[in-house]
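Chemist: Here the structure of chain P is known, so what remains is to put chain E in place on it, guided by the hints.
Quick note, the sequences are listed as chains P and E, same order. With numbering that gives the first Met the number 0 applied, the first sequence corresponds to residues 0 to 74, in that order. With numbering that gives the first Met the number 0 applied, the second sequence corresponds to residues 0 to 716, in that order.
Hints listed in this document are in silico derivations from the structure and should not be mistaken for laboratory results. What you are looking at is a predicted structure, and each value in this text was computed from that prediction instead of being measured. Treat the hints with care, since some could be wrong.
To give a feel for the contact side, a few chain E residues facing chain P, derived at Cβ under 10 Å [stated by the list, open to error]:
1) Pro-171
2) Ser-543
3) Ile-554
Far from chain P, some chain E residues (derived; all Cβ distances over 12 Å) [stated by the list, open to error]:
4) Glu-9
5) Ala-352
6) Leu-373
7) Leu-550
8) Gln-559
Cross-link-like lysine to aspartate or glutamate pairs, in silico, EDC-like; alpha carbons within 16 Å at most [unchecked claim]:
9) Lys-539(E) - Asp-5(P)
10) Lys-11(P) - Asp-549(E)
11) Lys-542(E) - Asp-58(P)
12) Lys-542(E) - Asp-57(P)
13) Lys-1(P) - Glu-123(E)
14) Lys-11(P) - Glu-552(E)
15) Lys-18(P) - Asp-549(E)
16) Lys-11(P) - Glu-556(E)
17) Lys-420(E) - Glu-351(E)
18) Lys-66(P) - Glu-556(E)
19) Lys-539(E) - Asp-58(P)
20) Lys-567(E) - Asp-5(P)
21) Lys-51(P) - Asp-546(E)
22) Lys-66(P) - Glu-535(E)
Note that CB positions come from ideal geometry on N, CA and C, so glycine has one too.
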Amino acid sequence: MKEADDIVTEIKTRVPDSKHEEAIALWNQVLSAFNCQSSQGVTNVVGARLSKLRNAYDDAHQALMRKMGRGSSKQ
Amino acid sequence: MNGYQLVKVELKGFRGFPEQGGTQEFKFDEPCTLLLGKQGSGKSSVLCAVEWCFFGDRVARIGDTGIRERKDWLVRNNRSRASIVEVTLKRDEQVLIVYRCNRRLQGRPRFYYQTDGGEFHEDESGLRAVLGIELPDYMSCVHLHQEVISALLVETPGERKNALDRLMGLAPLRNLLDGIHGSRISEQLRDIDNQFGGIETQLEAGMQVKRSDLERATKDAGEHGIVQDELSLGGGKKHIGAIKDQIQKFAGDYGLPAPDLPECKDLEDMESFIDAATAAVRKLRNEQPDMAHQQHMLRRKKELGTLKVNYEGKKETLQDLRTKTEKLTNSYGDLPELKDRLKKVEKGLLPEARNRQNEISNRAGVIREALKLLGSPQGKSINRCPVCEQTISPEDVRRHLEKWQEEMKDKLASTEAEIKKLEEEETNLKKVISQLRQLQSQTQIAAKDVSESTKAIADALKVEISESQDPLTLLSKGMADLEDELEKVGKVVEQSNARLNSMEDGLADVRRINTILRIQRDMEELSKIKETNEYEQVAKARKSAHDFADLSESIYEAVQTVLQRNAKSRIASTRDAISSIFRELAQRSDFPDLRIDPVSYEVIAVRGDKSEIAQRFLNKGDINCAALSIFLALATSKDLSHNLGFMILDDPSQTLDSTHNERLAGVLDHVLGNRQLIIATSEENFAKELRNSLTKKKQVYFMRDWSDDTGPKVEIE
Numbered sequence: 000m001k002e003a004d005d006i007v008t009e010i011k012t013r014v015p016d017s018k019h020e021e022a023i024a025l026w027n028q029v030l031s032a033f034n035c036q037s038s039q040g041v042t043n044v045v046g047a048r049l050s051k052l053r054n055a056y057d058d059a060h061q062a063l064m065r066k067m068g069r070g071s072s073k074q
Numbered sequence: 000m001n002g003y004q005l006v007k008v009e010l011k012g013f014r015g016f017p018e019q020g021g022t023q024e025f026k027f028d029e030p031c032t033l034l035l036g037k038q039g040s041g042k043s044s045v046l047c048a049v050e051w052c053f054f055g056d057r058v059a060r061i062g063d064t065g066i067r068e069r070k071d072w073l074v075r076n077n078r079s080r081a082s083i084v085e086v087t088l089k090r091d092e093q094v095l096i097v098y099r100c101n102r103r104l105q106g107r108p109r110f111y112y113q114t115d116g117g118e119f120h121e122d123e124s125g126l127r128a129v130l131g132i133e134l135p136d137y138m139s140c141v142h143l144h145q146e147v148i149s150a151l152l153v154e155t156p157g158e159r160k161n162a163l164d165r166l167m168g169l170a171p172l173r174n175l176l177d178g179i180h181g182s183r184i185s186e187q188l189r190d191i192d193n194q195f196g197g198i199e200t201q202l203e204a205g206m207q208v209k210r211s212d213l214e215r216a217t218k219d220a221g222e223h224g225i226v227q228d229e230l231s232l233g234g235g236k237k238h239i240g241a242i243k244d245q246i247q248k249f250a251g252d253y254g255l256p257a258p259d260l261p262e263c264k265d266l267e268d269m270e271s272f273i274d275a276a277t278a279a280v281r282k283l284r285n286e287q288p289d290m291a292h293q294q295h296m297l298r299r300k301k302e303l304g305t306l307k308v309n310y311e312g313k314k315e316t317l318q319d320l321r322t323k324t325e326k327l328t329n330s331y332g333d334l335p336e337l338k339d340r341l342k343k344v345e346k347g348l349l350p351e352a353r354n355r356q357n358e359i360s361n362r363a364g365v366i367r368e369a370l371k372l373l374g375s376p377q378g379k380s381i382n383r384c385p386v387c388e389q390t391i392s393p394e395d396v397r398r399h400l401e402k403w404q405e406e407m408k409d410k411l412a413s414t415e416a417e418i419k420k421l422e423e424e425e426t427n428l429k430k431v432i433s434q435l436r437q438l439q440s441q442t443q444i445a446a447k448d449v450s451e452s453t454k455a456i457a458d459a460l461k462v463e464i465s466e467s468q469d470p471l472t473l474l475s476k477g478m479a480d481l482e483d484e485l486e487k488v489g490k491v492v493e494q495s496n497a498r499l500n501s502m503e504d505g506l507a508d509v510r511r512i513n514t515i516l517r518i519q520r521d522m523e524e525l526s527k528i529k530e531t532n533e534y535e536q537v538a539k540a541r542k543s544a545h546d547f548a549d550l551s552e553s554i555y556e557a558v559q560t561v562l563q564r565n566a567k568s569r570i571a572s573t574r575d576a577i578s579s580i581f582r583e584l585a586q587r588s589d590f591p592d593l594r595i596d597p598v599s600y601e602v603i604a605v606r607g608d609k610s611e612i613a614q615r616f617l618n619k620g621d622i623n624c625a626a627l628s629i630f631l632a633l634a635t636s637k638d639l640s641h642n643l644g645f646m647i648l649d650d651p652s653q654t655l656d657s658t659h660n661e662r663l664a665g666v667l668d669h670v671l672g673n674r675q676l677i678i679a680t681s682e683e684n685f686a687k688e689l690r691n692s693l694t695k696k697k698q699v700y701f702m703r704d705w706s707d708d709t710g711p712k713v714e715i716e
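Here chain P stands alone, though its shape is the one from the complex (with noise of 0.2 Å):
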């Protein structure tokens, strides 16, 4: 994609410099899963890292939930 540059520009201007190399690494993964499958593969690929950090959330609140829930099973 010849707009990559420019993209990859904005971006910086976008994230603060610490995160640049994280939005970068996305992009780039991004970009490769464009050339690949196109919006599908971007979809796909967004969504699995989403998918991931969701599963993650999901494994905390319940382990916060399960300590909540502590005691009240042994009145």
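Modeler: Only chain E this time, still in chain P's reference frame:
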């Protein structure tokens, strides 16, 4: 330097050209080449072959082309094994050959390009660098697809936007944005935020449950006499100390080993103590000697009771059999008598009676025969006795015989009655004898059972029982003694059980205190939940999701910004050219000019200060002119430079009337300068106008009679 011009296209097995038809060659020797033929005659296949040869399978993907018709678009002709396209181009004196095949054939690479007969280059990006163009721009300013024009004519805003994107070469960026949008980041994030916000509510609900539990447990403790001061770890320990002492003393009193009970320092220890002490009390209850003695005696009581029931049953059975035997003997006599009588009947009386019966029957037979003789004609003449030779009267003889016959009948009846009676007696005697024998056998077994039961009682009581003694009386006495002893032991066991029950009551109180302390501890933990590692992990996971969403949003915005900037740039650089070409093509007096709004991304018709969205009032012919204007303006824009010196128009005149066709031919003639032009059309009028109005030299291919096996027949004019 001029751009690359098409010299030759060779294709086989590509879309409408089956390999059975052989390699089809199209030469482009003149500045303008016309491909004429009806719809479906293979014109578009020739033009798309150039596109596929340059850019490969990307041209068959919607994401890269933005053309919906490209879904399930097959490159290979479905009757062919391989698709081969070779394009020859020339720029000044340099010859460029591009080759592509969907499979490796005869050792040749699937793709390569070659300059001036030099080495094969197999890198796709290298060719794009040589041509100076990427697929999106190729589609926006070199090859005008009929699908792009037809999409712009559609009135759905989304379709028009996509069509404009394709015309502007921005379809990939738009598709990339759609891909990010499709992952529904905001929905997931909203869901996480809602769940996170719900933690506070669940915390309060959990606390409420604990409050209720505490209230209930405190009330229960109060009802069992536990005072407020005891509802603490210290209070619990005090109870535990007392229970420990009770357990140790009980064990000592009964000479049992002292149970090993855990120390109680905290709440967890308290639970362990309750479990261990409960088990210890249960063990003491089972092992205390009086209890064991009581259990033993209870088992013995049960055993003696069983013996009593058993003996009584056996005895009753024996008595019953004896009564039945006596009854039969009284009625029929004893067994020897019955046997004698049976013998007498069987051997004497019955045979004797039967003999008598036979004798009478024989005599009666002789009399019957004599009477028969006397009744015959021959008998009537007899007057002498055949025995004594004395003279006799047949009539007297007959009367005498008849009298005898009557006497015989009486005797026979009497004898038959006697025999019948004897037979009945015989049957009855046999039956009674059988019954008596059976009773005799059963009585023997029952007597044996009684004897065994008596022995079992003697063994259980550990005494000798003589014939004169009643086992039941002895057994009853033994059981009465046992009851007395049981009563005494029961009192002792009751006292020790009271001590053990007191320990269990104490343990129940400790459990009540423990429950309250645990609820209090849980409430304290709940109140500090936000300081826990678990809460920190949830907050951290939520932040990670937000951070990722922020990064994705930044990428989305970056792509959007570049897309808008490129759109604006292209719109700005081609604004005058679009308007100029449209004015010449459409020649509308009400809205002569055309522009694209860089913000709303709409095609706008303009007259002075007035402007209207084009689709609202322009007819299809004018909108087709608008599409052509945008394409031709982009194709001739100096800002969009590339190294291709040709332009491909696939069926550009759809929905144009004859006037438009004439103007389009004129526009093409002067707008394109020295660009090589390849036009495919199925419309005869447009073809005629091109022949008449285009001043460029022309080469014309006719394509007709397309068939599955051989493709189209191609003729050169």
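Chemist: Look at each hint and say if it fits the structure.
Modeler: Hints versus structure:
no.: 1; hint: Pro-171; verdict: 6 Å, holds
no.: 2; hint: Ser-543; verdict: 5 Å, holds
no.: 3; hint: Ile-554; verdict: 5 Å, holds
no.: 4; hint: Glu-9; verdict: 29 Å, holds
no.: 5; hint: Ala-352; verdict: 100 Å, holds
no.: 6; hint: Leu-373; verdict: 124 Å, holds
no.: 7; hint: Leu-550; verdict: 5 Å, violated
no.: 8; hint: Gln-559; verdict: 9 Å, violated
no.: 9; hint: Lys-539(E) - Asp-5(P); verdict: 33 Å, violated
no.: 10; hint: Lys-11(P) - Asp-549(E); verdict: 13 Å, holds
no.: 11; hint: Lys-542(E) - Asp-58(P); verdict: 14 Å, holds
no.: 12; hint: Lys-542(E) - Asp-57(P); verdict: 13 Å, holds
no.: 13; hint: Lys-1(P) - Glu-123(E); verdict: 14 Å, holds
no.: 14; hint: Lys-11(P) - Glu-552(E); verdict: 13 Å, holds
no.: 15; hint: Lys-18(P) - Asp-549(E); verdict: 10 Å, holds
no.: 16; hint: Lys-11(P) - Glu-556(E); verdict: 11 Å, holds
no.: 17; hint: Lys-420(E) - Glu-351(E); verdict: 14 Å, holds
no.: 18; hint: Lys-66(P) - Glu-556(E); verdict: 40 Å, violated
no.: 19; hint: Lys-539(E) - Asp-58(P); verdict: 12 Å, holds
no.: 20; hint: Lys-567(E) - Asp-5(P); verdict: 15 Å, holds
no.: 21; hint: Lys-51(P) - Asp-546(E); verdict: 13 Å, holds
no.: 22; hint: Lys-66(P) - Glu-535(E); verdict: 13 Å, holds
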